[in-house]
Amino acid sequence: MEKVLTRNIEPGKAPTDMTAYEANGGYQGLHKALTSMSSLECREVVSASNLRGRGGAGFPTGMKWSFVPMDDKCTPGHKYLVCNADEMEPGAFKDRLLMEYDPHQLIEGMILSAYCIGADLSYIFIRGEYVVAIDRLRQALKECYAKGYLGDNILGSGFKLDMYVHPSAGRYICGEETALINALEGKRANPRAKPPFPQVSGLWGRPTIVNNVETLCNIPHIIDRGADWFKSLGVGEDAGTKMFGVSGRVKTPGCWELPMGTPIREILENHAGGMQDGLQLKGFLPGGGSTDFLTHEHLDLAMDYNVIGKAGSRMGTGTMIILDDQTCPVGMVLNLIRFFAHESCGFCTPCRDGLPWTRQVLEDIEQGRGKTEDLDTLEYQINYIGAIGNTHCALAPGAMEPLQSALKYFRDDFERHISGGCCPYHSGKGA
Amino acid sequence: MPMINVDGQEIEVKKGENILEACLNAGLDLPYFCWHPSMGSIGSCRQCALVQYQNEEDTRGRIVMGCMTPASDGARFSLKAENATQFREAVVESLMLNHPHDCPVCAEGGECHLQDMTVMVGHRDRRYTGKKNTYRNQYLGPLIHHEMNRCIACYRCERYYRDYAGGKDLGAQASHDHLYFGRHEEGILESEFSGNLVEVCPTGVFTDKPFLKQYSRKWDLQSAPSICQGCAVGCNIAPGERYGKVKRVHNRYNHDVNGYFICDRGRFGSGYLNSDLRLDYAGIKNPDGSFFAVHQQQALNTAADWMAGKKVAAIGSPRASLEANYLLRELVGSKNFAPGFSDQEADLMDSIANILQTSMSINPSVKQIETADAILILGEDVTNTAPRVALALRQSVRNKAFELAEQMGLPPWQDAAIRNLAQDQRSPMTIVSAMNTRLDDVASACVSLAPDDIAAFGHAVAAALVGEITNNPQADAAAQMLKMAKNPLIVSGSSMAHQGVINSAAAVADALSQTTSMLSFCVPECNSLGLAMMVADGASSHLKALVKRAAKIDALIVLENDLYRRGDKALIDQLLAGGAKVITLDMYENGTLDQSDLVMAAASYAESQGTLVSSEGRAQRFYPVQSPASERLPSWEWLLRLAKATEHKKLSKIENFDQIVTACAKSSPLFTKLVDVAPLNSFRDRGSKIPRQTHRYSGRTAMNSGVSVHEPQQAQDHESPLSFSMEGLNRDQPASLTPFVWAPGWNSNQSLQKFQSEVDGPLKGGSSGVRLISSSQTGADISSQITQISLKPHQWHLVPMEQVHGSDELSAHTEEISELAGRGFIAIGKKVAEKLAVTEGDGLLVKQDDIECSLEVRILSRVAKNCIGYSAGYAEARGLVAGRLVSLQVDKTWQRSGPEMIASDKAAFQPVVGDGGTRNV
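These protein sequence lines map, in sequence, to chains A and B. Each number in the working numbering comes from the position in the first sequence (counting from 1) with 13 added on. Each number in the working numbering comes from the position in the second sequence (counting from 1) with 9 added on.
I should point out that these hints are in silico values taken from the structure, not numbers from a laboratory. Please note: incorrect hints may appear among the correct ones.
As the list claims (entries may be wrong) - Under the rule of at most 25 Å between Cα atoms (straight-line distance), these lysine to aspartate or glutamate pairs were calculated in the DMTMM-like manner:
1. A:LYS207 x B:ASP172
2. B:LYS141 x A:ASP148
3. A:LYS200 x B:GLU194
4. A:LYS200 x B:GLU199
5. A:LYS207 x B:GLU194
6. B:LYS140 x A:GLU392
7. A:LYS207 x B:ASP82
8. B:LYS140 x A:ASP377
9. B:LYS141 x A:ASP377
10. B:LYS140 x A:ASP389
11. B:LYS141 x A:GLU392
12. A:LYS207 x B:GLU26
13. A:LYS323 x B:ASP741
14. B:LYS89 x A:GLU428
15. A:LYS384 x B:ASP16
16. B:LYS376 x B:ASP741
17. A:LYS207 x B:GLU825
18. A:LYS200 x B:GLU195
19. B:LYS140 x A:ASP241
20. A:LYS200 x B:ASP172
21. A:LYS200 x B:ASP82
22. B:LYS141 x A:GLU376
23. B:LYS89 x A:ASP389
Generate coordinates for the entire structure from the input sequences, incorporating the hints supplied.
Structural data, given as structure tokens:
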């Protein structure tokens, strides 16, 4: 397979600087676009490529951009491009790799994306703990300004763009694009109600596009090599390649660039090396901490947005978390719910007060104080908190996904906690 | 009109409203917390959930929030669908996770929106068995009590305090279920509108602190429709009384005036009513200067004796009712009547009354002020002189945001979205003043000028408006701003005590060509304009003229007026000690009262009825919430009885209050509409008077048993259609007779929507009050002459600085208000402070003619050249006259007030013994 996003990344190899990046074909897309393509042409290529957002929702990038008012439809003022580099999904570490080892790829993608939507200011909103990535991006930005890839009149095209790295003060909710925008404005990181969407009223009330790191990293290659080439990369329904990650008790947890549509079993067995000795696979969260469990029966599914969706989960960030047969599923779900309850912004009632309630019920079950009716309460809460539209944003529904699927696939584990009055995994009475 | 379908019922809705509003308008009970009719929707509490169906075939539907869903034609909803009811119950159940269930000891209990909504959704058994989160409460000053454990995180307080009222020191902190609503550290809330938190909070987090000290449940309070006497805006209030005390004041909704909000002076400034220093009995002065109490009739006979066949003069009061002033003026004849303004104020009020009758611009209601899209303020610190108007101006500058929202198709209730869209884009507001004002933060331009120059600036704007060349770019810009506007507004007033400023505002208003242009004046007291209209015939005297005649006057009647606030001491001394018998009607001890020979104990506004004319020219009636205690009488009743005792020809025919109103209405063409202000005494609703007591009023037979086991007769009100009783209906009577709001299932003030014709609309009984002034629109006859004062070295223009807390005569007697008022001050710029080598908190000796006073230094960031401000109305600054020159020198004997600890802090810092040592807690 041809490496696209990671073509400059090798274990043990130094991160690329401007020279190394350009030596391997970097900024060709930028040159091509700014010297020979209109922004409309660029947008059309991206639309035609079927690129879908890599941040979790899988929304078609070209379509997202199409909502930005262009030229005459837009009152004078700034337009913004924001890179969502606040990677905080449990189990996800793919953006970090891309930013730390090939920062210029992201920057080139951002310059091109900004060109596409007519943005003149751009921000990389990055997780504050990613100090290495922050340093390297800042260094790369300096190189870009020196080279004239950022600033006024880029490559003589008249296109102007400034770019800033903005380290996040740190909340999971900042990954939600409107909460991110609020945080960037210096406000509480509460998500905003939609509509209006950020494409028309985002940062400082102006048209704004927020894209994930990996999404943006694809743009230079799409512009440089065309939509058809990009579509041909996928082996299933979706286009391009994807950074897939596996964590949990497998032999070689890690992150790999693979074609879209790679079967789960292949990722798990060929790349992650299969389960550690003595352990059996019990289930897995295919797209990070806020996706539903899948199990053995789903191992041969292709990692495509719609395929995973039909199976009852989400592709999310494409970073799987594996549950083995020696780990308590109740404990794992409790751990996730603790995280989400703590990361709730506190804006809407079901999330702010509902998740701690769920946490309390799960704690009772895990610690052996559970009652049979607790399972009904959990079902009630899933119904109450888990439906999109019941809450202000998608955090709480996402939080309920592992719980609702755990109750579906591992219900007997919950029941054994209750009937036995203790956690069977911790008391030595494990599976 | 679009139609929606709710549970099979076709409902006609207003275009652009949301489903929550539509449901409430249709009389449906859809619970809510975070939505507020004047603050719009944010969708945070998720309480107003209902099910929306795609079409007739759709039977599952999906849950949507009523407040966030536009009512579009043909949309289908269900309130009763099981998933909707279950979801709404779940929301309350989760709010109850951490709510302390301390209703029995909570001040909100019985009028708590959370209680109502909990009952409404049917939640009873809480399944959560974990621990409850608890919080530290904060000291927020003398007005607001903080009890954070009760919080349900609806964000209303933050949205009201910051977004609506422009406060900066209260907000949401922390996150998830550890949200905290308070200040960054303990301390007095800075906003003048903090009291509305009490009514905005749907539960008991923010409660009325003075009320807590003398608490009664809402159902035990007797209320009356009343009008705030704190300033001239005429906000409608509902005082609540029990055991003879006015315990609290709540906002009383008037669509055109105060809407849902009043200022802190209005809410908390009535504490003086319960003071021991109130007069209970009439008194006649002993030779040694003390008074001995006499019965009402004895006082009247004495007064009648003194007046019989003698030359009697009288002084009215801008803080007394129209009726009392009218009777007094008739009693002594208009030539012997002085309205009781200071001479400076009399001229200003006279010209304001004139301008309002002739200006090309309309005199707007507070509601109309909110429609302004360009504002020029000349000289006024509106937040301190007409606080509720300032709150309206904060909404006016948001019209730019609503304009942007309309372009984007956002409905006006999409509060958060509109704020995000507009960010800090505001409609333009230019403030021309001598000092910082409390609206500077939302102004597009602030110009610092001395009063004379403010007047010149105003005239320059007027000139620029008619196309003249002004050579004043700032004035040109202001003119341009007004010209571009749809609804331009000029705000000025009397607080600069400067005729030129008022004239220049009138000149600008006349130069505007828009038919919707507005001119609003801030005037000093609750009936200043009414009194000015009464003496508009020019037949009455100035104080000074009266003083000149002092020797010839045999008796002088002073109505509710401390003359020492109106003129310098020597002048007033001359008047009061001039040999005439001085008869004073007042409720509170003051300097004038001390100089009187006979004192009649006047009832307060809470014990009497009367009509006031607000700065808008709106006449409004206030009614007693209790009958007068002891031997007090309303001033109008004293005067009516005095007329009888003196056998006054015209007045002795008058038998009751309504007849005074009729006579007053006939006395001047300006007062013709007075008879329409409120229903006559004979008004009955379904055969009954309107009850002041709630239907759950308890302990009536027992509340007096500490005094006597015999149940006293119910107090009778013979003068109004209101009764001191719980019998009768409080429903849809005329708004001027609505004492409180309460509806089945809606015990809190949110029941207001059941009294409104539509959400955020006028009450079913109309808006109370009648506009007396309408302009002939012929243009004001004003002079553009400004007499410039020339300054010698070390002299300054003295500019009055009115303060919400401290400048008003009566409210300043309230303990909490006087704590907030602080010491009398002199406000100077940084440069002057450097020159005089003083810092904030030092003392300065201020000399003006033969007046000398020591005032505390406050240093301001924006002060016009050669100007200094002083705390107008403060006792320490008594005698200083605005506009006259002063000199300053450092007060060597001044004691700086230390880092004074507030009472509650002192208590908190008492050493605690018991854990093995002494520590501070």
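Comparing the hints with the structure gives:
1. Proposed proximity of LYS207 (chain A) and ASP172 (chain B) is supported: the alpha carbons are some 20 Å apart, at most 25 Å.
2. Under the criterion of a C-alpha separation no larger than 25 Å, the hint pairing LYS141 (chain B) with ASP148 (chain A) is inconsistent with the structure, at around 43 Å.
3. Note on LYS200 (chain A) and GLU194 (chain B): the hinted pairing holds, with a Cα-Cα distance of about 19 Å set against a maximum of 25 Å.
4. Of the supplied pair hints, the one linking LYS200 (chain A) and GLU199 (chain B) holds, its CA atoms being roughly 21 Å apart against a limit of 25 Å.
5. For the proposed pair LYS207 (chain A) and GLU194 (chain B), the alpha carbon gap of about 34 Å is over 25 Å, so the pair is violated.
6. Under the criterion of a C-alpha separation no larger than 25 Å, the hint pairing LYS140 (chain B) with GLU392 (chain A) is consistent with the structure, at around 22 Å.
7. Taken as a hint, the LYS207 (chain A) and ASP82 (chain B) pair is honoured in the structure, with Cα atoms around 21 Å apart against an allowance of 25 Å.
8. Simply put, LYS140 (chain B) and ASP377 (chain A) have alpha-carbon atoms about 12 Å apart, close enough for the 25 Å limit, and the pair holds.
9. A distance of roughly 16 Å separates the Cα atoms of LYS141 (chain B) and ASP377 (chain A); the hinted pair therefore holds under the 25 Å criterion.
10. For the hint pairing LYS140 (chain B) with ASP389 (chain A), the CA-to-CA distance comes to about 21 Å; that is within 25 Å, so the pair holds.
11. This hinted pair checks out: LYS141 (chain B) and GLU392 (chain A) have alpha carbons roughly 23 Å apart, not beyond 25 Å.
12. For the hint linking LYS207 (chain A) to GLU26 (chain B), the alpha-carbon distance of about 17 Å falls within 25 Å, and the restraint holds.
13. Under the criterion of a C-alpha separation no larger than 25 Å, the hint pairing LYS323 (chain A) with ASP741 (chain B) is inconsistent with the structure, at around 58 Å.
14. For the hint pairing LYS89 (chain B) with GLU428 (chain A), the CA-to-CA distance comes to about 34 Å; that exceeds 25 Å, so the pair is violated.
15. Restraint check: the Cα-Cα separation between LYS384 (chain A) and ASP16 (chain B) comes to about 38 Å, which exceeds 25 Å; the hinted pair is violated.
16. The hinted pair formed by LYS376 (chain B) and ASP741 (chain B) meets the criterion: a straight-line CA distance of about 22 Å does not exceed 25 Å.
17. Distance hint between LYS207 (chain A) and GLU825 (chain B) is unfulfilled; the C-alpha atoms sit about 44 Å from each other, more than 25 Å.
18. For the proposed pair LYS200 (chain A) and GLU195 (chain B), the alpha carbon gap of about 22 Å is at most 25 Å, so the pair holds.
19. At most 25 Å may separate the alpha-carbon atoms for a hinted pair to count; LYS140 (chain B) and ASP241 (chain A) exceed this at roughly 59 Å.
20. Proximity of LYS200 (chain A) to ASP172 (chain B) is assessed by CA-CA distance (about 13 Å); at most 25 Å being required, the pair is judged to hold.
21. For the hint linking LYS200 (chain A) to ASP82 (chain B), the alpha-carbon distance of about 36 Å lies beyond 25 Å, and the restraint is violated.
22. Taking the CA atoms of LYS141 (chain B) and GLU376 (chain A), the gap is near 15 Å; set against the 25 Å cutoff, the hint holds.
23. Proximity of LYS89 (chain B) to ASP389 (chain A) is assessed by CA-CA distance (about 23 Å); at most 25 Å being required, the pair is judged to hold.
When the structure is compared with the earlier hints, violations turn up for hints 2, 5, 13, 14, 15, 17, 19 and 21 and for no others.
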